[in-house]
Amino acid sequence: MSTDVVPGVVAVTLVSLATLVIGTWGLRISRTTSDFFVASRTVRPRLNASAIGGEYLSAASFLGVAGLLLTFGAEMLWYPIGWTAGYLVLLVLVAAPLRRSGAYTLPDFAEARLGSRGVRKLCSVLVVGIGWLYLLPQFQGAGVTLRSTIGAPTWAGSLVVAVVVLASVSPGGMRSITFVQAFQYWLKLTALLIPVFVLLAVWMADGAADPAAAAPASWSIPLASPGGGIGLYTTYSLIIATFLGTMGLPHVVVRFYTNPDGRAARRTTLAVLGLLGIFYVLPPVYAALGRIYAPSLVDGRSDVLVLELPSLMVGGALGAVLTGLVTAGAFAAFLSTSSGLTIAVAGVLSQDVTGRRWGSRRLGGVAAFRVAAAIAVVVPLLMSLPAQDVAVARTVGLAFAVTASTFAPLLMLGIWWRGLTPVGAVAGLLVGGLGSGFAVAWTLATSPSAGWASALLSQPAAWSVPASFCTMVVVSRLTRATVPAHAGRFMVRLHTPEAVELQR
Amino acid sequence: MSDQPPPRVRVTGPPRRRADVVRPVGTREIDAETALGEVFMRSLLREQLFLALRVLAALGLTLGLLPLLFHLFPSLGDARVGQMPLAWLLLGVLAYPWLVLLGWFYIRRAEDHERDFADLVGSVGSADPEDEP
Chain S
51 MSTDVVPGVV AVTLVSLATL VIGTWGLRIS RTTSDFFVAS RTVRPRLNAS
101 AIGGEYLSAA SFLGVAGLLL TFGAEMLWYP IGWTAGYLVL LVLVAAPLRR
151 SGAYTLPDFA EARLGSRGVR KLCSVLVVGI GWLYLLPQFQ GAGVTLRSTI
201 GAPTWAGSLV VAVVVLASVS PGGMRSITFV QAFQYWLKLT ALLIPVFVLL
251 AVWMADGAAD PAAAAPASWS IPLASPGGGI GLYTTYSLII ATFLGTMGLP
301 HVVVRFYTNP DGRAARRTTL AVLGLLGIFY VLPPVYAALG RIYAPSLVDG
351 RSDVLVLELP SLMVGGALGA VLTGLVTAGA FAAFLSTSSG LTIAVAGVLS
401 QDVTGRRWGS RRLGGVAAFR VAAAIAVVVP LLMSLPAQDV AVARTVGLAF
451 AVTASTFAPL LMLGIWWRGL TPVGAVAGLL VGGLGSGFAV AWTLATSPSA
501 GWASALLSQP AAWSVPASFC TMVVVSRLTR ATVPAHAGRF MVRLHTPEAV
551 ELQR
Chain Y
8 MSDQPPPRVR VTGPPRRRAD VVRPVGTREI DAETALGEVF MRSLLREQLF
58 LALRVLAALG LTLGLLPLLF HLFPSLGDAR VGQMPLAWLL LGVLAYPWLV
108 LLGWFYIRRA EDHERDFADL VGSVGSADPE DEP
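Going down the list, the protein sequences come from chains S and Y. Take any residue in the first sequence, note its place counting from 1, add 50, and you have its number in this note's numbering. Take any residue in the second sequence, note its place counting from 1, add 7, and you have its number in this note's numbering.
The set of hints was computed from the structure by calculation and includes no laboratory data. Note that the Cβ used here is the ideal one computed from N, Cα and C, for glycine as well. Be careful, since some hints might not be right.
Taking CB as the label site, the calculated pair distances span [what the hints assert, rightly or not]:
1) S:266 / Y:120: 48 to 58 Å
2) Y:49 / S:328: 51 to 61 Å
3) Y:120 / S:367: 20 to 30 Å
4) S:96 / Y:104: 43 to 53 Å
Short, incomplete list of chain Y residues facing chain S, as computed with Cβ under 10 Å [what the hints assert, rightly or not]:
5) 42
6) 58
7) 61
8) 77
9) 87
10) 103
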């Protein structure tokens with residue numbers, strides 16, 4: 051047991067150290083306030099794309115996708131495809147206008163577009179809720195990782211990530227975070243890519259057995275079980291949630307603000323598409339090899355597939371090194387996504403909750419941010435303790451359903467339709483948020499069952515997204531007298547290319 | 008000390024105004040929100056929106072139809088290309104270059120539109136071609 055622990059401990063320590071070193075180095079070149087919050091809006095597309103990739107590829111992508119593919123087969127390929135295609139939808143509908151809007155967070159965008167503090171507050175609540183829902187699986191994944199690699203109790207891994215994230219976001223600084231996140235993308239890619247070559251070589255040497263032969267026939271059909279009408283509904287609902295949900299993720303939007311202008315925002319998004327595409331080709335390889343070499347993981351423990359496959363296929367020192375590598379990648383995944391989310395949630399909390407006056411006392415800016423960061427981490431940490439057995443990628447999928455039913459309609463209508471009113475936006479956010487939120491709570495609280503009711507609640511996007519859109523449009527038409535006076539002016543700013551010099 | 012946080016200051020991009028340049032008439036039409044400026048903006052907005060919808064349609068008619076195809080023709084589940092099951096090849100590998108290609112096409116066309124728009128706005132009413140930005 052004691053020698054098994056070594057690669058995991060070394061990997062976790064090295065990743066934490068590298069994160070702190072790069073972060074500190076980045077802090078040294080952060081000089082101004084603008085550096086601190088938005089990296090002076092000068093991050094070039096390639097670096098920014100790596101940073102977005104690093105922040106975006108979470109535990110769900112690194113561990114969860116391979117595990118789901120191992121168990122359920124091709125139907126789960128829709129998760130990585132949706133998480134990538136979401137950036138294409140973001141590119142064509144949102145990227146450049148969102149950058150040109152000058153909004154730093156989603157509540158900022160809502161307030162600027164609609165001129166209403168009420169909409170802003172509702173958006174803040176949603177950002178916090180979505181952030182917590184997304185942090186939950188990160189902490190769960192960390193628990194699973196440390197249990198698998200060093201035999202620690204599940205809560206220990208969650209606690210370690212929570213503490214490291216809190217320690218690293220408090221000094222903060224967008225410029226240094228950019229370097230850290232970019233480094234973590236390439237670390238995650240390397241950590242999956244190098245073992246793949248070794249494992250494929252082992253597989254070839256063993257006679258290249260067919261993974262599909264070791265699996266049921268449904269493993270090669272990209273339709274959710276149990277197939278039929280329910281399978282079709284579930285699959286399309288997942289597609290809607292992931293394709294539209296990406297644009298509303300709070301930690302992604304902040305990164306777009308660090309682009310110099312709208313044109314760079316587009317180029318960044320295209321680069322992200324490429325980086326994610328390269329990464330997501332790898333988990334299916336692990337899943338296919340897992341069918342041959344790790345059949346015992348199929349039921350119940352599939353989330354640890356990526357971590358345990360190297361040692362199952364390759365013994366000795368090489369196996370230990372590869373295990374260390376994938377452990378490092380997994381740990382980087384928890385750290386980068388959790389830090390990004392914590393910053394996004396804490397930013398909103400510090401503006402709207404901890405920065406307010408409570409009685410006669412009022413916290414200063416930095417103190418308010420630190421208290422907010424602590425709240426942002428502790429709540430999902432407590433939530434993660436009882437819910438340890440939910441598949442990591444599925445919980446993240448639920449977060450996408452909520453963003454797709456709330457922020458996606460707000461952004462798309464806000465950017466392309468002049469007629470959106472504050473009342474319409476609030477009504478749509480409430481319908482989409484409450485509908486999908488209820489479905490998520492139901493799914494997390496109960497055990498899965500068969501039938502239409504369960505399918506409709508476990509994949510709500512196919513009904514909650516249209517409901518939210520329709521509500522926004524209909525209520526906005528009913529209250530058309532309250533279209534903000536500056537709407538036309540704001541639309542001009544969103545869509546005017548930088549080459550045209552308008553007065554601001 | 009008020010309860011409300013101070014209003015947000017938005018920074019929308021690099022400085023866009025150069026004091027020494029005579030601004031083209033088209034730009035002023037948009038700034039003044041005249042009928043002509045309105046026509047410029049609406050046409051740009053419509054072009055960009057239709058472009059986005061075309062890309063999304065291409066996405067929907069390719070990737071989006073796959074679940075339906077596999078639902079209608081379950082035998083596709085047994086189809087193989089070389090050693091690989093068809094579904095794994097399409098969804099695990101080929102989907103990603105296709106997404107990048109769509110994104111590349113979109114950026115090219117969107118920037119074409121914006122360049123045309125800038126030329127149009129810059130040329131309206133400017134007697135002297137040196138006025139163009």
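Now for the hints, and whether the structure bears them out:
no., hint, result
1, S:266 / Y:120: 48 to 58 Å, "holds (49 Å)"
2, Y:49 / S:328: 51 to 61 Å, "violated (40 Å)"
3, Y:120 / S:367: 20 to 30 Å, "violated (57 Å)"
4, S:96 / Y:104: 43 to 53 Å, "violated (19 Å)"
5, 42, "violated (12 Å)"
6, 58, "holds (7 Å)"
7, 61, "holds (9 Å)"
8, 77, "holds (5 Å)"
9, 87, "holds (8 Å)"
10, 103, "holds (3 Å)"
Violation of the numbered hints given earlier is confined to hints 2, 3, 4, 5; the remaining hints are satisfied by the structure.
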